[in-house]
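Asker: For reference, the chains in residue letters:
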Amino acid sequence: MKKYVPSVILFITFLLIWDLAIRSFNISPFILPSPKAVFEIFADQHQELLDATLQSALIAVAGFVLSILIGTIISLLMSQSKIIELSIYPYAIFLQAVPIVAIAPVFILWFGAGTKSMILISMIISLFPIVTNVSTGLRSIEKDVMEMMWLYKASRWQILWKVRFPSAVPNFVIGAKTSAGLAVVGAIVGEYFTGLSGESRGLAFLIQSNQQNANYPFLFATSISAALLGFIIFSVVSTLGEWIIKKGHFERKVS
Amino acid sequence: MIKISLLLVTILCLVSCSPQKSSPLEGTQKLEKIRLKLNWFPEAEHGGYFHGVVSGMYKEAGLDVEIVSGGPGNPVETEVAVERFEFGIANADKILAVRENKLPIIGLFAPYQKSPRCLLAHKESGINSWDDIVKTKQLIVNDTKPYYAYLLKQYPSLKGIQTIKYSQATFMANKESIMQGYVNSEPIIMKQKGIEVKVLPVHDIGFNPYASVLITSEAMLKNNPELVAKMVEVTRHAWLAYLADPQAANHEILKRNPELGNSLSESMHILKDYMQADNFGEMTDQRWLILAEQLQKLGIIKDASLVKSAYTTEFIKNNLK
Numbered sequence: 001m002k003k004y005v006p007s008v009i010l011f012i013t014f015l016l017i018w019d020l021a022i023r024s025f026n027i028s029p030f031i032l033p034s035p036k037a038v039f040e041i042f043a044d045q046h047q048e049l050l051d052a053t054l055q056s057a058l059i060a061v062a063g064f065v066l067s068i069l070i071g072t073i074i075s076l077l078m079s080q081s082k083i084i085e086l087s088i089y090p091y092a093i094f095l096q097a098v099p100i101v102a103i104a105p106v107f108i109l110w111f112g113a114g115t116k117s118m119i120l121i122s123m124i125i126s127l128f129p130i131v132t133n134v135s136t137g138l139r140s141i142e143k144d145v146m147e148m149m150w151l152y153k154a155s156r157w158q159i160l161w162k163v164r165f166p167s168a169v170p171n172f173v174i175g176a177k178t179s180a181g182l183a184v185v186g187a188i189v190g191e192y193f194t195g196l197s198g199e200s201r202g203l204a205f206l207i208q209s210n211q212q213n214a215n216y217p218f219l220f221a222t223s224i225s226a227a228l229l230g231f232i233i234f235s236v237v238s239t240l241g242e243w244i245i246k247k248g249h250f251e252r253k254v255s
Numbered sequence: 256m257i258k259i260s261l262l263l264v265t266i267l268c269l270v271s272c273s274p275q276k277s278s279p280l281e282g283t284q285k286l287e288k289i290r291l292k293l294n295w296f297p298e299a300e301h302g303g304y305f306h307g308v309v310s311g312m313y314k315e316a317g318l319d320v321e322i323v324s325g326g327p328g329n330p331v332e333t334e335v336a337v338e339r340f341e342f343g344i345a346n347a348d349k350i351l352a353v354r355e356n357k358l359p360i361i362g363l364f365a366p367y368q369k370s371p372r373c374l375l376a377h378k379e380s381g382i383n384s385w386d387d388i389v390k391t392k393q394l395i396v397n398d399t400k401p402y403y404a405y406l407l408k409q410y411p412s413l414k415g416i417q418t419i420k421y422s423q424a425t426f427m428a429n430k431e432s433i434m435q436g437y438v439n440s441e442p443i444i445m446k447q448k449g450i451e452v453k454v455l456p457v458h459d460i461g462f463n464p465y466a467s468v469l470i471t472s473e474a475m476l477k478n479n480p481e482l483v484a485k486m487v488e489v490t491r492h493a494w495l496a497y498l499a500d501p502q503a504a505n506h507e508i509l510k511r512n513p514e515l516g517n518s519l520s521e522s523m524h525i526l527k528d529y530m531q532a533d534n535f536g537e538m539t540d541q542r543w544l545i546l547a548e549q550l551q552k553l554g555i556i557k558d559a560s561l562v563k564s565a566y567t568t569e570f571i572k573n574n575l576k
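These protein sequence lines are chains Z and P, in that order.
The numbers in my numbering rise by one with no breaks, and the one at position 168 of the first sequence is 168.
Numbers given in my numbering equal positions in the second sequence, counted from 1, plus 255.
For the record, the hints were derived by calculation from the structure and aren't laboratory data.
Yeah, the Cβ is synthetic: ideal placement off N, Cα and C, and Gly gets one too.
Incorrect hints may appear among the rest.
Selected chain Z positions facing chain P (Cβ under 7 Å, derived; list incomplete) [what the hints assert, rightly or not]:
{"#": "1", "residue": "Phe30"}
{"#": "2", "residue": "Leu32"}
{"#": "3", "residue": "Gly114"}
{"#": "4", "residue": "Thr115"}
{"#": "5", "residue": "Phe193"}
A few chain P residues that face chain Z, going by a derived Cβ cut-off under 8 Å, partial list only [as the list claims (entries may be wrong)]:
{"#": "6", "residue": "Pro330"}
{"#": "7", "residue": "Thr333"}
{"#": "8", "residue": "Val337"}
{"#": "9", "residue": "Glu355"}
{"#": "10", "residue": "Asn356"}
{"#": "11", "residue": "Leu358"}
{"#": "12", "residue": "Lys390"}
{"#": "13", "residue": "Gln393"}
{"#": "14", "residue": "Thr399"}
{"#": "15", "residue": "Gln417"}
{"#": "16", "residue": "Ile419"}
{"#": "17", "residue": "Ser422"}
{"#": "18", "residue": "Thr425"}
{"#": "19", "residue": "Ala428"}
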């Protein structure tokens, strides 16, 4: 319990400064709404906020899981042959540099507007941390270990299973933690480009409509909800990752 | 010592006197600096303002007007409300929607008497009338806008149709899609690209907010009503002059937004019909009230009576045609 004290104190101080700043500098509520106004939105509109957050959460989690699967497969392929690695890796880096807002419209063109595209956009933005971290883990094997495996004539499969996999687990966890936050960004960007017609609306819809109608307390509350969603996904992944590392006695290395 | 003081006096004199002597405006009134924020990139929709600038009409009236481009996501109403800009441009439905959230802005006059908002369908899609639109597979619209809510109310089956962010490329690629637009913009662009479209104006189904309304903040109206009056008056004259001869202003608009190409002059001709009024820019209580009641029914505003403080006809009393 004690470890939460500093962050809670900081949070309360932050709220106080926020409120004080508005009062003392006479800041327009249309530039910065008061904490009270934002809390009131959380109280009054919690159902709408929760629905939107869950909607975006579904997309983010789906995108995240996909990125783990695909990212791991790509890394495995690259670990199996230097030629594959040398041919794929530069493009992976290149693709990573394309801004997600440039990729999103293209994906919608290819895969159609809707949940599918949103998930894929979320997947692509969270893919690269997995690829770079996991392939680092798969490759960075100590020389002695490798030599020993060769000495015992271990098969490629045995090396992968007994040496490379365990070596990559801690790196995998690091990559997954980075991707967890990015998946939420990707989900919201995806939603932003394909509004979900009428009925089901994610966080992007709330961000857009509240910005348009100048409902700034609601806009702030939506942003906080998005941040909370990212935080929750990150925490779950982080806790799970730590547990796996501890349980399996995986060795942590610097990537 | 005396020499130094003399020198200082000379310098001071030079510094303080010389700008006045070289100023060509000596003896005339001081120009009032005004910044106008557009709701979009410069286009025919803003012709009157550009005419006011390039013809010198604003300057003659003592107004130094700077026109600042807008674009997607620019919060024009808020920027005017917090007085970053003296004036801005917004549609009537938007004015009411932000007033619902207490944004202190006021509509002053409305060049567009009919809303130019429309939907475009591909000719070959077989969508020829409003009743056909339920056949579409994709709506390329901004689904956070009030007109979209109105559309869903009129055609409930559209609820199941996917909406997607505005993109002309997507519309061109998907023959079964429907895209939002302005009658004097997208239909012309599509025609130039060789795509035959059917245009469905949204005012045909009863949603007809005044468009491109000139707005100012409540504070501005209270502190400087003379300036507001002058701005409205000169702008209305500038608009009429623009509609009579758009050349000079169009030249400036094209310079600021070259992408318009040769669609601009055609666009301008459509405007005349949409701006037709007994008194140029007029706004009636009845029209505003109808809109407010529509928005109330759609749940965008809670109480239609907020419309009373959303506009003023104070500055458009004298008849202009």
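Asker: Hint by hint, say whether it matches the structure.
Answerer: Now the hints, each set against the structure:
1. Phe30: Constraint on Z/Phe30 satisfied, holds at 5 Å.
2. Leu32: violated (11 Å)
3. Gly114: This interface hint holds because 5 Å falls under the 7 Å limit.
4. Thr115: Violated. Min distance 10 Å.
5. Phe193: With Cβ-Cβ at 5 Å, under 7 Å, it holds.
6. Pro330: holds (7 Å)
7. Thr333: holds (5 Å)
8. Val337: holds (5 Å)
9. Glu355: Interface hint status for P/Glu355: holds (7 Å vs cutoff 8 Å).
10. Asn356: This interface hint holds because 5 Å falls under the 8 Å limit.
11. Leu358: holds (5 Å)
12. Lys390: violated (15 Å)
13. Gln393: holds (6 Å)
14. Thr399: holds (4 Å)
15. Gln417: holds (5 Å)
16. Ile419: Nearest chain Z Cβ about 4 Å off; hint holds.
17. Ser422: holds (6 Å)
18. Thr425: P/Thr425 check passes; min Cβ-Cβ to chain Z is 7 Å, inside 8 Å.
19. Ala428: holds (7 Å)
Of the numbered hints given earlier, the model fails hints 2, 4 and 12; all others are met.
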